[in-house]
Every structure is written in C-alpha cells, then in structure tokens.
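Student: Below, each chain spelled out in residue letters.
Protein chains: 2
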Amino acid sequence: MTPEPRVLEALTPQECMRLLQEHPAQVGRLAISGPPPMIFPVNYAIDGQDIVFRTAPGTKLDAALKDSVVAFEVDDVSAEWASGWSVLVRGGPGEVTDPDEIRRLSRLNLYPWAAGAKDHFVKISNAIISGRRFVER
Amino acid sequence: MTPEPRVLEALTPQECMRLLQEHPAQVGRLAISGPPPMIFPVNYAIDGQDIVFRTAPGTKLDAALKDSVVAFEVDDVSAEWASGWSVLVRGGPGEVTDPDEIRRLSRLNLYPWAAGAKDHFVKISNAIISGRRFVER
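Those protein sequence lines, which keep their order, are chains A and B. 1 is the number of the first residue of the first sequence in the numbering used here; add one for each residue after it. 1001 is the number of the first residue of the second sequence in the numbering used here; add one for each residue after it.
Keep in mind that the hints were calculated from the coordinates and are not lab data. Check the hints yourself; a few may be wrong.
Cut-off 30 Å, straight-line C-alpha distance, at most; resulting in silico cross-link-like pairs (DSSO-like, lysine-lysine) [stated by the list, open to error]:
{"id": "1", "chain 1": "A", "residue 1": "Lys123", "chain 2": "B", "residue 2": "Lys1060"}
{"id": "2", "chain 1": "B", "residue 1": "Lys1066", "chain 2": "A", "residue 2": "Lys60"}
{"id": "3", "chain 1": "A", "residue 1": "Lys60", "chain 2": "A", "residue 2": "Lys123"}
{"id": "4", "chain 1": "A", "residue 1": "Lys60", "chain 2": "B", "residue 2": "Lys1123"}
Output of the computed footprint for chain B on chain A, the stretches with three or more beta carbons under 8 Å from beta carbons of chain B [what the hints assert, rightly or not]:
{"id": "5", "segment": "61-71"}
{"id": "6", "segment": "83-96"}
{"id": "7", "segment": "106-114"}
Taking CB as the label site, the calculated pair distances span [to be verified]:
{"id": "8", "chain 1": "B", "residue 1": "Gly1058", "chain 2": "A", "residue 2": "Pro35", "range": "20 to 30 Å"}
{"id": "9", "chain 1": "A", "residue 1": "Pro99", "chain 2": "B", "residue 2": "Ala1079", "range": "25 to 35 Å"}
{"id": "10", "chain 1": "B", "residue 1": "Arg1018", "chain 2": "A", "residue 2": "Pro99", "range": "38 to 48 Å"}
All C-beta atoms, glycine included, are put in the ideal place defined by N, C-alpha and C.
Model the full assembly from the supplied sequences, consistent with the hints where possible.
Tutor: Here is the structure:
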C-alpha cells in the first residue's frame, strides 16, 4: 500500500502564534545543534511573542542552552498522517534574570524537564517563526 | 502554583527500542543542525535496529539530510507532565539505494512529510540510542 502524498501549505506567522497558543498539551521539542545534536521535549508557555520554558541547572538541557541559536518545534499530526501542522521557532535562548519577571513567570503552569532546586526560566525572543500545514491532495 | 519536579530515570537500549516499536502514532521529530537548525515531524518505521523514514526530493528535509549526524526523537508526555518518556537516536542518515531493499521498505506504511514523485527512503543506521523516563517524586 502506498499512502497518498501530502501537500505542504505555508502558514502565516499569525496562524503559527495561534497554533502555539492553543495547543492543548503545550509540549514542544527543543533541538540543540551540539555536537552532539540533542532533542528534548519541553513544556512551554507563550509570553507576548516569546516562548518560555524551564530548565534545571546541571542538566544536559541546561548545558546545551549555551547555543547561540536553537530550534523549537510544536506539531499536531493525525494518526493516519492525513492532516497536520508543524510550527518551527528559531532564535537565541536567554535566561530570564529579572526578579519581577521571574516572579511573574513562576505563576505560569510550567513544568521543568527535570527536578532542580533552582529552576532557570529561559526565553526565546525575537525568534523567526514559520510553519507548514499538510493536507492530502 | 508550582508543579512538582520530576525525576529522570535512564532507560536501557532495549527499553528504548521497545518504546520506539510500540509507539502508536509512529511519529518522531528529526533535528538538523544546520545552520539554520530545523526540526521536522516524520513518520518512521523500525527495520531491524534501524530507523527508516521517507523524504521527497527537493524539500528542505531532503536538503538537510546532507548532515553527517542527525538527532531523531520520539516521546510520549502526559498532558499534566506527570509522567512520560523520551528516546533519542543519533546517527548518520543514509539513503537506501538497493532496489530490493526499496521494494521491501515500500511495503511499510510510511508517509512522507511532503509530496514527491520519487521518494527517498532514508535510514539512520548504527545509531546511538538513549532514553529517559520521568516520574513525579
């Protein structure tokens, strides 16, 4: 059996932001170039136009965030791959250090990838956002 | 509200392979170092110890597979982030060119990321496989 090929349609940045905001599980994947390249699932939130997530100091994810540019992706694909979308966010990660901002972000339901006494809040700001929707033709 | 931190437990390579084989949606994410770094959702299959997926010529995914090492990740995270796992596969992608092998792989229900008249079958062979399970403590 050969499945039907899919057609990719570009999404506007506005559609991408809406999909990121409405995604129910709020899980995305963060890729680090390395070497070695790595991918981590992270629980994210949207703060204005920025992606926010938490890391624990001393973890591989924390170490990997020394990268100047990371890729972060959120998708939703149907089980039969008949439809779906993928949004890609690329930008430089930066730790949030302002105490007021940390206090504000602490009220978001953000789950860190691993346990850690003092979590870091990391933001991807000024990111390039692109996305694709795919449909059966 | 501050969610409970999670503890990460390493998975054995055998557990990782079992999780990759049993994952119902058979969707994973492939990361390309770039620059620029990219992440694509791909529909995969397991062939022996190798990861197999399809790409269409001329797509960004096809172009990106010139990388010597790629990261491929499959995960399952509960909506409340109370439990979950993530398996990471790292290796060099290679196009399958043997006609018999292409014929055999064509019988797998593999959906390409984008439409293309002549799909490529790509394998990640001799990969390093690692994984983590996270649990609330």
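Student: Each hint: holds or not?
Tutor: Now for the hints, and whether the structure bears them out:
no., hint, verdict
1, A/Lys123 / B/Lys1060, "holds, 27 Å"
2, B/Lys1066 / A/Lys60, "holds, 26 Å"
3, A/Lys60 / A/Lys123, "holds, 17 Å"
4, A/Lys60 / B/Lys1123, "holds, 27 Å"
5, 61-71, "holds (count 3)"
6, 83-96, "holds (count 4)"
7, 106-114, "holds (count 8)"
8, B/Gly1058 / A/Pro35: 20 to 30 Å, "holds, 28 Å"
9, A/Pro99 / B/Ala1079: 25 to 35 Å, "holds, 31 Å"
10, B/Arg1018 / A/Pro99: 38 to 48 Å, "holds, 45 Å"
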